[in-house]
Structure formats: C-alpha cells, structure tokens
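Build out the structure end to end from the sequences listed, making use of the hints.
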Amino acid sequence: MIQLQDVTKVYRMGDVEVHALRGASLDIASGEFLSIMGPSGSGKSTLMNIMGCLDQPSSGTYLLDGSDVSRLNDNQLAEIRNRRIGFVFQTFNLLSRTTALQNVELPMIYAGNRHNRREKAMAALDAVGLIERVRHRPNELSGGQQQRVAIARALVNDPSIILADEPTGNLDSKSGAEILEIFRRLHQERGITIVFVTHDPLIAEQTRRIVRIRDGVIISDQMNGAER
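So for the sequence shown, our numbering puts the first residue at 31; every next one is plus one.
Hints are computed from structural coordinates only; laboratory data are not their basis. Each hint should be verified, as a subset may be incorrect.
As the list claims (entries may be wrong) - DEER-style ranges, computed between Cβ atoms:
1) Gln35 / Gln106: 19 to 29 angstroms
2) His166 / Val247: 23 to 33 angstroms
3) Asp188 / Val46: 14 to 24 angstroms
4) Arg214 / Val46: 39 to 49 angstroms
5) Ser97 / Tyr140: 16 to 26 angstroms
Think of the CB as a built atom: it goes at the ideal place given N, C-alpha and C, for glycine as much as any other residue.
What follows is the structure, encoded as structure tokens:
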C-alpha cells in the first residue's frame with residue numbers, strides 16, 4: 031500500500047538547510063497496525079506528512095497503491111487526503127462553534143458528498159461511543175470525548191489509512207487507554223491500516239510493528255518484538 035524509497039526532505043530557512051529526512055525507506059502493507067517512534071525533531075512528523083500527502087519529498091519516491099504521489103497536482107493530492115486518508119491529531123482540531131455531528135460531517139461536505147451525510151456521521155459517532163453526545167460542542171466534551179469526535183471525523187469517508195499523530199498526547203492515562211482500544215477495535219473490525227506517530231514507548235508497544243526514526247533516518251523496524 032505505502033512504499034517510500036530513499037525519501038529526503040530538506041527545508042530551507044534563508045541560507046540554512048534543515049534535513050528532516052535523510053533517505054528514509056519504508057513499506058507498509060494494507061491492514062497493518064504500526065507506530066513510527068522517535069524523539070522530538072527525529073523526522074517522524076515529516077514522514078507522516080509525506081505519507082498523508084500533506085507534503086512532498088525533496089527527493090526519493092512515494093508510491094501509494096502503486097501510484098507515484100510526486101506526480102500528482104494539488105487537487106489530486108487533496109482528493110487522496112479527503113477520500114483515502116483519515117487524520118487524527120494530538121490537538122483534536124475541532125471547530126469550536128459547531129456540534130460533534132457537524133464536525134464529523136465536514137469531510138463529506140468538502141468531498142461534495144450529500145448522500146446520507148447525516149446518517150453516516152451518526153454511524154461514525156456511534157462507532158466511537160458518542161451517539162449520546164452528537165449535539166454537544168467541543169467545550170462541552172472531555173478531552174477523550176473530543177478525540178473520539180476526531181476519530182469519527184477521520185472515519186466518516188471510509189478511508190483505507192488512518193494517520194494518528196500523538197493521538198493520546200493531550201489525554202490522561204485512562205482516556206488514552208480508551209482511545210487506544212478504539213483504534214485497536216477499528217483495526218480488527220474494519221481492517222484499516224493505522225499508523226501512529228509517537229515518542230511514547232508505552233503507546234508504540236500497543237501496535238504490531240514499531241519503526242524507529244532518529245535524525246531523519248530509520249534505524250530499526252521491528253514486528254512482534256523481533257527484528258525484521
């Protein structure tokens with residue numbers, strides 16, 4: 031599904047070049063549940079942004095289901111993001127003045143999908159255990175409930191991939207465990223490819239595969255506790 035080959039990413043700040051990725055190569059099969067782990071500044075979020083078509087590599091190749099993403103224009107990239115990839119972020123990124131239901135409907139509005147929009151949003155909220163909170167606004171929800179809304183929003187267009195950047199980073203341990211259990215259940219029931227980006231080894235250990243990155247280089251790739 032995802033194939034990265036010798037991917038680099040260089041940011042230029044005036045006369046200074048920052049090498050965020052230095053030849054990263056990574057294959058992710060359909061239906062995997064893995065984490066990309068590394069300290070702050072390791073390049074893990076840059077890697078996620080490239081996989082999520084939010085950014086493009088400076089060099090190297092990124093194939094998504096065999097298609098070279100680097101050859102796509104902005105509209106085509108937006109189409110992939112909206113229809114094939116769901117995003118969950120540490121800060122939830124919910125619209126504060128709209129209800130949970132309206133927040134979840136947004137990806138369908140952007141996609142121009144009017145068919146059964148309300149019903150699909152309700153079903154997504156039900157899938158994360160928030161059917162009784164659909165009319166609540168974010169400030170009326172706990173942090174864990176807000177993250178559930180964000181997961182429902184990521185699910186509503188039936189993506190094949192969910193990218194989650196520190197999804198439990200702003201939550202207490204109990205809420206974080208509940209969010210992890212939701213991801214685990216979604217993976218088991220729907221076969222969605224789920225990629226966590228995290229610096230927390232306790233989170234990474236909950237996934238089936240751990241890819242470690244440091245200074246823009248993938249330094250290890252483990253599955254089931256054994257080096258691949």
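Query - Contradicted hints - numbers only - result: 2, 3
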